[in-house]
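Chemist: Protein sequence lines, in the order shown, are assigned to chains H and F.
The first sequence begins at 1 in my numbering and counts up one residue at a time.
The second sequence begins at 1 in my numbering and counts up one residue at a time.
Hints listed in this document are in silico derivations from the structure and should not be mistaken for laboratory results.
By construction, the Cβ of each residue, glycine as well, lies at the ideal position given by its N, Cα and C atoms.
Honestly, I wouldn't trust all of these hints.
[Claimed, not checked] Which stretches of chain F does chain H cover? Using the computed rule of at least three CB atoms under 8 Å from a CB of chain H, they are:
1. 146-153
2. 207-215
3. 254-261
4. 328-341
[Stated by the list, open to error] Which chain H residues stay away from chain F? Per the calculated CB distances, all over 12 Å, these:
5. Lys6
6. Tyr33
7. Asp45
8. Pro46
9. Arg93
10. Cys95
11. Pro107
12. Asp109
13. Arg118
14. Val127
15. Lys136
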Amino acid sequence: MTYLTKSPWILHYDGSSCNGCDIEVLASLTPVYDIERFGIINTGDPKQADILLITGSVNAQSISVVKQLYDQMPGPKVVIAVGICACTGGVFRHCYNVLGGVDKAIPVDVYVPGCAARPEAIIDGVVKGLAILAEKEKAEKEGKGKAATAAPPAAEAKP
Amino acid sequence: MGKRTIVPFGPQHPALPEPIHLDLELDGEKVVRAVPSLGFIHRGLEKLVEKNDYNAMNYIMERVCGICSFGHSWGYSGAVEGLMGIEVPERAQYLRTIYLELSRMHSHLLWLGLLADGMGFESLFMNCWRIREQILDIFEATTGGRVILSFTKVGGQHRDISDETLKKIADKVTTLRPELKRICDVFIDDESVKNRMCGVGKVSTDEAVELGAVGPTARGSGVNNDVRCTGVGKYEELGFAPILEKDGDCYSRCKVRVKEVFQSIDIICAAVAKIQAGPVSVPVKGPAPEGEYVMRIEQPRGDAFYYVVGNGTKYLDRARVRTPTDANIPMIVKVLQGCDLNDVSMIVLTIDPCVSCTER
Chain H
1 MTYLTKSPWI LHYDGSSCNG CDIEVLASLT PVYDIERFGI INTGDPKQAD ILLITGSVNA
61 QSISVVKQLY DQMPGPKVVI AVGICACTGG VFRHCYNVLG GVDKAIPVDV YVPGCAARPE
121 AIIDGVVKGL AILAEKEKAE KEGKGKAATA APPAAEAKP
Chain F
1 MGKRTIVPFG PQHPALPEPI HLDLELDGEK VVRAVPSLGF IHRGLEKLVE KNDYNAMNYI
61 MERVCGICSF GHSWGYSGAV EGLMGIEVPE RAQYLRTIYL ELSRMHSHLL WLGLLADGMG
121 FESLFMNCWR IREQILDIFE ATTGGRVILS FTKVGGQHRD ISDETLKKIA DKVTTLRPEL
181 KRICDVFIDD ESVKNRMCGV GKVSTDEAVE LGAVGPTARG SGVNNDVRCT GVGKYEELGF
241 APILEKDGDC YSRCKVRVKE VFQSIDIICA AVAKIQAGPV SVPVKGPAPE GEYVMRIEQP
301 RGDAFYYVVG NGTKYLDRAR VRTPTDANIP MIVKVLQGCD LNDVSMIVLT IDPCVSCTER
């Protein structure tokens, strides 16, 4: 990718992480890594966000919040799981209250491993997410041209 | 009087980096009652002690919280060492003291940044975090990790830090002093910052004692409960004296933390000057004996309490942590009664909440 077609806004939520990845997400917004120079802003409002960045696994109480945040975001949207806990549950996967990675709750587009995930890795994940976002946008536009009926999201594939 | 309104605050809120939920019962703009509900990031990691032996558990205890991770590994290792009757070498104790103070600097700078962000002072936020990165660079260069260090083990430290490197660390934190002075003066002297914090969220000394507040939050109200005075680590040899403020409002809690950043620089330099050559760990063998042990250390947020129970095998029966934010929540709930809705985020921020620690 040589240029950005969008300045995506990020919504960050802590599923049940140890804080390590959270502070690395914030660190990538501050002067040394400065993701804001690409026009990427951390917003607190799901209605304004394009990318949902989730740190930590999901647990019994946060799963409904994660689903709710995802549903509130307008499409096209991208979900990035930051840190090994968000990917698989990590060291906490055997804990009684941990359900597993974020993909147990919502569809995940990019997985960023690491404990804690380094800011460079997070930025790389966001850039990969941007390409997916552009693809989704394109698909959505084409889909609208072909059929007037909106395709339902492919989240609930279970019979 | 109008009807009372309940405003939900969190779990996802711009002022909160972590999820905590408060139901704020409002009468107009005044908060009448605040009801916290927790559990959004509860993992239940204390139970993992049944599946991991006492050495492996250190790896998990480090991940109680990513901000005060070094302190958690010290607290847990210290408790197991106490249970097993292991004497940690002098040099390891100095290294632990130095690294805990570095953690305190990075944690306080992180908090000062979040506080500035909370009142909408964006450039100050960025400056705090810019300086903080230099401390993370020290961590990365010496231990390999930026936030999770994996530096402490039961019986000492994983690796030695050479005297040369320690000297460089002391020089580095000393050169940070003028930069820190520049941003810290803003927190202490700036009118707009003072307007947001002076007289907001007052807690008297008696209230702080009664509600069991700990750490800089209690010291802002003049309560000296600094665990560093009780002979943990090497603080006594380094002439440690706690920093106290009397007023008990958000401003004095902020002042305590600002002064502690500079104090940490002094402690690090003094420790580097005093550290002697020697081993950094002792071999640890065999099962943990039956019995229990309590260890307390002063985390950046206050008094953290570690409790372990051994049963004569390599697996502990129980490893419990009581974290500082846990102890400070009753105080926030009390202080929020009668404050303005706009001050809620400021008051919640000034106890330096670390929800990941609290819920584990």
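Chemist: Work down the list of hints and note, for each, if the structure agrees.
Modeler: Tested hints:
no.	hint	in the structure
1	146-153	holds (count 3)
2	207-215	violated (count 0)
3	254-261	violated (count 0)
4	328-341	violated (count 0)
5	Lys6	holds, 22 Å
6	Tyr33	violated, 9 Å
7	Asp45	violated, 8 Å
8	Pro46	violated, 8 Å
9	Arg93	violated, 10 Å
10	Cys95	violated, 4 Å
11	Pro107	holds, 19 Å
12	Asp109	holds, 20 Å
13	Arg118	violated, 7 Å
14	Val127	holds, 20 Å
15	Lys136	holds, 23 Å
In this structure, the hints that do not hold are numbers 2, 3, 4, 6, 7, 8, 9, 10, 13, in rising order.
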